[in-house]
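*Asks:* Mind assembling these two chains? They're in different frames, but the hints should get you there.
Residue numbers (numbering that gives the first Met the number 0), protein chains in the order written: chain W, 0 to 401; chain U, 0 to 375.
These are calculated hints, taken from the structure and not from any lab test. Incorrect hints may have been included.
[What the hints assert, rightly or not] Some chain W residues near chain U, calculated using beta-carbon distances under 7 Å:
1) 298
2) 303
3) 313
4) 315
5) 388
6) 391
7) 399
Because the structure is a prediction, the values reported are computed rather than measured. We put the CB at the ideal spot given by N, CA and C, even for glycine.
Letter by letter, the chains look like this.
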Amino acid sequence: MFVQETPELREFRAEVANWLRENKPRPPKFRLPMSFLEVGTDEQFQYLRDWQQKLYEAGYLGMAWPREYGGYGKPQIYQDIANEEMAKARVPFVINVIGLSWAGPAVLRMGTEKQKRRYIKKILTAEEIWCQGFSEPDYGSDLASLKTTARREGDRYIINGHKIWTTLATYAKHMILLARTDPEAPKYRGLSFFLCPMDLPGIEIRPITKMTGELGFNEVIFDDVSIPADTLVGQEGQGWLVAVTTLAYERGAIGGQAGGHPSQILTASDVVELAREARRDGRPAIEDPLIRDELVKFLIMERTIELNRKRLYIEKLLTPGRPQVLRFMSKLFHSEYIQGLSELAVRIQGAYAGLFAGDPCALADGIWQRSYMNSFGFTIGGGTSEIQRNILGERILGLAKG
Amino acid sequence: MSGSDLLISYSDEQAMLHETATNLLAKRCTFEALRQWMETPEGYSQELWRETAELGWLGIAIPEAYGGYGLGAPELVSVMEPMGRYLYPSPFLASTLGAQLLLWAGTEDQKRSWLPDIAKGQILITVALMEADGSWEPHHVKDRAIPLGDGYELTGTKHFVLDGQNTDLLIAAFDLQGELSLFLLEPHEVSKLKKDPENLIDLSRRSCRICFDGLKVPGSALMTRDALHPLRKLHRLAWVLLSAEMAGGAEGVFQLTLDYLKVRTQFGRPIGGFQALKHPIVNIMIAIENARALVYHSATVFDGPEKEAETAARMAKAHTSDTYAYAVNRAIQFHGAIGYTWECNAHLFFRRAQWAQYAFGDAIHHRRHLAELLLD
Numbered sequence: 000m001f002v003q004e005t006p007e008l009r010e011f012r013a014e015v016a017n018w019l020r021e022n023k024p025r026p027p028k029f030r031l032p033m034s035f036l037e038v039g040t041d042e043q044f045q046y047l048r049d050w051q052q053k054l055y056e057a058g059y060l061g062m063a064w065p066r067e068y069g070g071y072g073k074p075q076i077y078q079d080i081a082n083e084e085m086a087k088a089r090v091p092f093v094i095n096v097i098g099l100s101w102a103g104p105a106v107l108r109m110g111t112e113k114q115k116r117r118y119i120k121k122i123l124t125a126e127e128i129w130c131q132g133f134s135e136p137d138y139g140s141d142l143a144s145l146k147t148t149a150r151r152e153g154d155r156y157i158i159n160g161h162k163i164w165t166t167l168a169t170y171a172k173h174m175i176l177l178a179r180t181d182p183e184a185p186k187y188r189g190l191s192f193f194l195c196p197m198d199l200p201g202i203e204i205r206p207i208t209k210m211t212g213e214l215g216f217n218e219v220i221f222d223d224v225s226i227p228a229d230t231l232v233g234q235e236g237q238g239w240l241v242a243v244t245t246l247a248y249e250r251g252a253i254g255g256q257a258g259g260h261p262s263q264i265l266t267a268s269d270v271v272e273l274a275r276e277a278r279r280d281g282r283p284a285i286e287d288p289l290i291r292d293e294l295v296k297f298l299i300m301e302r303t304i305e306l307n308r309k310r311l312y313i314e315k316l317l318t319p320g321r322p323q324v325l326r327f328m329s330k331l332f333h334s335e336y337i338q339g340l341s342e343l344a345v346r347i348q349g350a351y352a353g354l355f356a357g358d359p360c361a362l363a364d365g366i367w368q369r370s371y372m373n374s375f376g377f378t379i380g381g382g383t384s385e386i387q388r389n390i391l392g393e394r395i396l397g398l399a400k401g
Numbered sequence: 000m001s002g003s004d005l006l007i008s009y010s011d012e013q014a015m016l017h018e019t020a021t022n023l024l025a026k027r028c029t030f031e032a033l034r035q036w037m038e039t040p041e042g043y044s045q046e047l048w049r050e051t052a053e054l055g056w057l058g059i060a061i062p063e064a065y066g067g068y069g070l071g072a073p074e075l076v077s078v079m080e081p082m083g084r085y086l087y088p089s090p091f092l093a094s095t096l097g098a099q100l101l102l103w104a105g106t107e108d109q110k111r112s113w114l115p116d117i118a119k120g121q122i123l124i125t126v127a128l129m130e131a132d133g134s135w136e137p138h139h140v141k142d143r144a145i146p147l148g149d150g151y152e153l154t155g156t157k158h159f160v161l162d163g164q165n166t167d168l169l170i171a172a173f174d175l176q177g178e179l180s181l182f183l184l185e186p187h188e189v190s191k192l193k194k195d196p197e198n199l200i201d202l203s204r205r206s207c208r209i210c211f212d213g214l215k216v217p218g219s220a221l222m223t224r225d226a227l228h229p230l231r232k233l234h235r236l237a238w239v240l241l242s243a244e245m246a247g248g249a250e251g252v253f254q255l256t257l258d259y260l261k262v263r264t265q266f267g268r269p270i271g272g273f274q275a276l277k278h279p280i281v282n283i284m285i286a287i288e289n290a291r292a293l294v295y296h297s298a299t300v301f302d303g304p305e306k307e308a309e310t311a312a313r314m315a316k317a318h319t320s321d322t323y324a325y326a327v328n329r330a331i332q333f334h335g336a337i338g339y340t341w342e343c344n345a346h347l348f349f350r351r352a353q354w355a356q357y358a359f360g361d362a363i364h365h366r367r368h369l370a371e372l373l374l375d
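Just chain U, with the same shape it has in the complex (with noise of 0.2 Å):
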């Protein structure tokens, strides 16, 4: 594709939700809030949760037939950025691409029921697609559901469920008789299943294990016997989403750096005047720079044709997981003995960064699909 067909757009009303979510979240993610945040089971704040719910926020891709926005991936990219930008701790990410899913597989009766009051963030729902295996193709679920008189009876254990303790409702994908096929399982169904906790390296994250143990569903639980297209796409939005999110959490410990560099002195001036230290800190500028031409290139083709959308998305994936990765080891480094204790706020962006960039795909997992995509 040559340079003039390449789109990016910037909307006003992504200006205005990024500019809403910059400040919002700037006041009131204070550092010291997210490491009381962190200590709690759910893991975030249920009164900022609310706030975020009131300004749409959970709403923003969902239609407007079904109470939300109609907006897409360009605005949920504008909040992203900021929520990483300010290491904002929420099942956001959850319970959108739980949204999403159950917009795309979902049968009309579900979608009813359930997609207004998660517009609402009164729900909330998450994905359950991996397994013990790890791997990060949407089509590798060897778990099967079994048809049981009406209805069906799931087996096997899902891993890496993100806010799986704190989740009303759950999408699974299973095996169905050899088809790929989702889920949804209801809050009741739901707070019977064994969730166990996840010791995550983000702390600021929650995950679970689900073991379904023989649990049985109504006919009715069943959205798609078809479900590999809607979860090719919800992994292309987990891309794009957890790519803003990386770019605003690389900009976030730059700046955390940057400081450190102006006002740290050592042999009578600031650190930030070495040349070991400076280049390297222009190094991370200029990798999120491009992290974030191509965050907002992926969310503007996000809806175009396959293949174009796929490249970006994944182009941004492994961008971004190396700019963060990078970004949080330099940081770490650049503060010194202090940077490793646990009084710095290096290691909470971090901790993110090490989540992140391994959640849904690494920068190698997505440069040789690249490979393929591109070269072949």
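Next up, chain W with everything else stripped away, as it sits in the complex (with noise of 0.2 Å):
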């Protein structure tokens, strides 16, 4: 078996690149958030959202959902063909990752038949923008612990609660809400899953400033919100299970992603190009061997997350044993990839490295500044690399629980 296009599929890449050339927007004037994490302003945001509506129009999003909830039905290596281009073309990111990556996937998988032609079509133009209110203050990684409430009253829940790191909240239409139905019941079984409306009463946003400055995430009060009992994703107390497929999602640890990325391309060769233009004492930084040990390490990792993506449609190559573990180990992976590239980027640059964007002198306008610091949004967000290491070791590997 071989990894080789057909000539269809060769002329479908053709297309999608022909396109992309041609659509690609313009670089705005005001500066872009790096990510879907760290989206501030409203400027920002509709031009993201007009990219990612051009997007789905021209029939790169969605390829590989049901036509009948607005996806265009076919096989999944049309929307990873896609997905490789966009990278290549380095078009902008899309702003719904939540929606098109895992509350969407989610929905078709467990959702109503009603909730599938409500929300998904929506989630891919845009027009509908998804949030997820899975943390609190005081439950993080310890997440089935948290402690907002969702009371039955007739066709209604009562929402009492305080989520926190909401990516996006100020524009969401809806959450992807976890809350506890049952107090009583064991941390695993009190919980339920809720497609929540944003636009509701007694719901509080208030925005939070992260280390760079921008804003992005939030927290979201809920006093006493009532939201229809149809919002249920599963059945009452069975929350968790939806929350846990959710974030396999998220992870990439399950595929059936609308498709797009979900922040600004930047690949170890980009770093090279850096490399060529910072200077270190008074020579070119990458005449420096030490720079030049760490680069052609970090060109061997992307050269493996490459492959690797590839190995997944060679089922027989495929660790015997583990053969679901490419999926389950991409996110932290990649995640921790990108944070050390940053920081190379950065340390790279020598008396450079303490300038930040902004300043008229900061090699690359500061993006690898912000690009090690936004990192840890990944490295972080969607469960932390040590809960990351967790799962891996006691789901992949069975060892025992710490």
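*Replies:* This is the structure in structure tokens:
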């Protein structure tokens, strides 16, 4: 079995590349955020929303999602090719990542027919933005202990509690909400999963400033917020199962995302170019043997990410005994790779490493300093790297729980 | 090179070879057997060697015209990985490198005379390329061959000759009037050579120093006076094969450690529950997944454009060397005091890793070359 594209797929790849070349939006006058986690101004939001809508209308988002809900009903390979070409063309990221990559797949897999018809298409068009209400101030890695309550009253649930680190909450139309419906039950069994509207009385949103000075995530406080009971996904009390599956989509541990990339594309080759430009001790940084060694390490890592993505298609080449590991490790490896790469890119700059975005002399407009700082969003969000290692150790390798 | 251009493939033939090798070696290469074989002068089981010969492994990459199967690097890798996984000791690497160099650089007569018997596993061959300064560069050959009558006189000493004490045939590199040249020494010549076994850290491997001491060989021993290209390709093959072996070895020692983390209890629970051990073992697993990707990629592109093939092979050797080194280090540490006893099997892997990562260039060496390939 050879990973070789059929003429039809090659033609499709060329078509996507061509469309992207012609339709890639011009860079805006304002600074774009590094990822969907740091969207903080209306002009950033509008620009990114327009782009996603255009991508969808061109047919390059939701390619493998069912037609009856707004997708294009094609085999997954088409979306994978489109994703590769989008990354290659360095078009902007898609803004509605929470909808496209995890809330949407979760609804498609576990939602009711009515929910699928109600929500899916507007996720793809970016008409309705989604946010995620999982973490609370006192419950992060120990998510299942969360305290936000959902109390049943007739055909409504009344929500009370405090969510935090809620990306895109100020723009969101809906939230995937994990709340406790049975305070008496053991912690994993008392939770339920809702598709909570965000425009209801009793919801207060307080933006949080990140260490870069950017906005993007928020606190969301629920004070007797009444939501319809048909926003429940799965059965009452099954919320943990729905949440874990949703998190698996978020981490890429299960496939089925609508497509697009979640952040600006930065590659090891970009850092190589930076090393040609940056100078250390009076010479181009790329002549420093220690910098060269580090650069090569990242070029190797970058290649393994690409190769492992291809290996997913070669079933017999998955490692015996743990065929699912490539997907389970992808968030962990990729987020730490980007963090390490960004840190290296800053280190390469020598004396200029201390300049931040906005300084006229900052190299590459300080994008690597921003990237390094923002990279923690990916090594912490969606389950920290430490939690990922626990999951891999326990679920894939069968080690005892800590 | 962008992602969509990177090739990685796996044929049904590869899968079949991998499975056969895994099944056979898992059964036969018990730790008990390995410990017996490593005490013998030759270092391997001749009985198991004959069985692998009957399975056709020694002819995998020898063309059909010379009695082999006409396959290539991808199929070799598919048996090398299980060989590393189960610590199978044998002259397979030496024989494969020797056969391929003979194929790429030998005269038609030499190939016809020897390749069919090599493919059957009846004749052993190896390569003598390195000298006292330990350089891994194929063109760093100072030992000289001097024309003498119809033949040549060979001088100098080769080091790190893999399975040199076991071999029937020997290919050695010499400087012949300023030209990098290869000579094929036949059994009656090889038997005259003084072979000085090296005391290796890897007890399952054999190598020696060979002093040529003015050995005279006939003109027909000369394979080529233009050896740089075949030698570069040979090194590339060695990187790919050793990477496959090391990826397999890393998996083997990873499994050994993983089992221990599940059965060993302290403080009333299995030690694998402690994150200080759980997280590093996960890191090793991830490194092995990446190693397998690089190994099968390097095999896939082995016969492709040279720069691409060289880049892939050097990446594989650099990454698998580091991976295996890390895996064996943690294996011993995580076994606690039993881990550094003779009785514990961890050191069998440790020794293999210590040898293999420094054979044909270590990680630092290959990253330095990769920097030239990719950054300049």
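*Asks:* Let me make sure I understand: some of the numbered hints might not hold for this structure. Which ones are they, in numerical order?
*Replies:* none
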